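First to last, the sequence lines map onto chains L and R. The opening position of the first sequence corresponds to residue 1 in our numbering, with each subsequent residue numbered one higher. The opening position of the second sequence corresponds to residue 1001 in our numbering, with each subsequent residue numbered one higher.
Hint data in this document are derived by calculation from the structure and do not stem from the laboratory. Computed from a predicted structure; not experimentally measured. None of the hints are false.
Computed list of chain R residues with no C-beta within reach of chain L, every gap over 12 Å: (1) Pro1008; (2) Ser1066; (3) Thr1070; (4) Val1074.
Example chain R residues on the side facing chain L (calculated, C-beta under 7 Å, incomplete): (5) Tyr1033; (6) Gly1042; (7) Leu1043; (8) Asn1101; (9) Asn1102; (10) Phe1106.
Computed Cβ-Cβ distance ranges for the label pairs, DEER-style: (11) Pro93/L <-> Ser1096/R: 11 to 21 Å; (12) Met80/L <-> Thr1078/R: 33 to 43 Å; (13) Glu77/L <-> Ala1002/R: 27 to 37 Å; (14) Val1012/R <-> Ser67/L: 43 to 53 Å.
C-beta: ideal position from N, C-alpha, C; glycine also.
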Amino acid sequence: GQSLEQPSEVTAVEGAIVQINCTYQTSGFYGLSWYQQHDGGAPTFLSYNGLDGLEETGRFSSFLSRSDSYGYLLLQELQMKDSASYFCAVRLPTGANNLFFGTGTRLTVIP
Amino acid sequence: GAGVSQSPSNKVTEKGKDVELRCDPISGHTALYWYRQSLGQGLEFLIYFQGNSAPDKSGLPSDRFSAERTGGSVSTLTIQRTQQEDSAVYLCASSSVVSGNNEQFFGPGTRLTVL
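Modelling step: build the complete structure from the supplied sequences, incorporating the hints.
Next comes the structure, spelled out in structure tokens:
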């Protein structure tokens, strides 16, 4: 079976840096993705790590360590609009390209 | 259209009725996915289409759920004899198979409420 663990809630101050961790147990693994979802909205893609290491896209960075079955999403210079739920998702090697999602981390940015 | 569209946006039905949910993927995207999201939960994979065929139906929770895709484009998810536990937001996503990062583009979802 598969499992993805994320903290359920995180609160951080505007302008600060926050790290959202994701640990996984899967029977196979192609890569780790991160999606953002605002309340009532559709999930939107943030980043993908197919290889170990750090991927940077503007204020967002994502990291993967396959040996540790661990990844994280790093958000810098937090803005109020970053308040949302963040999901890590594993791309499974089933040939189907479907994603197995974690239960999500609700980030609240406070002034 | 520019993005994935779904209809209806909201659907309220009575227990035991059948419902059909529609998804229009991004033009040219050959892969299409259906997910279900219960309140405050993550996304649960239901079914995947590559073109018109569904190589992975493993996520369908029961034989009351079925889906089809025609013309490599529009997909319909049908739930027969709806139950209250079917209440959730049903999300559709599409992707270009050639995309190395497997970025999936999601529609706004259909919120299904079974009374």
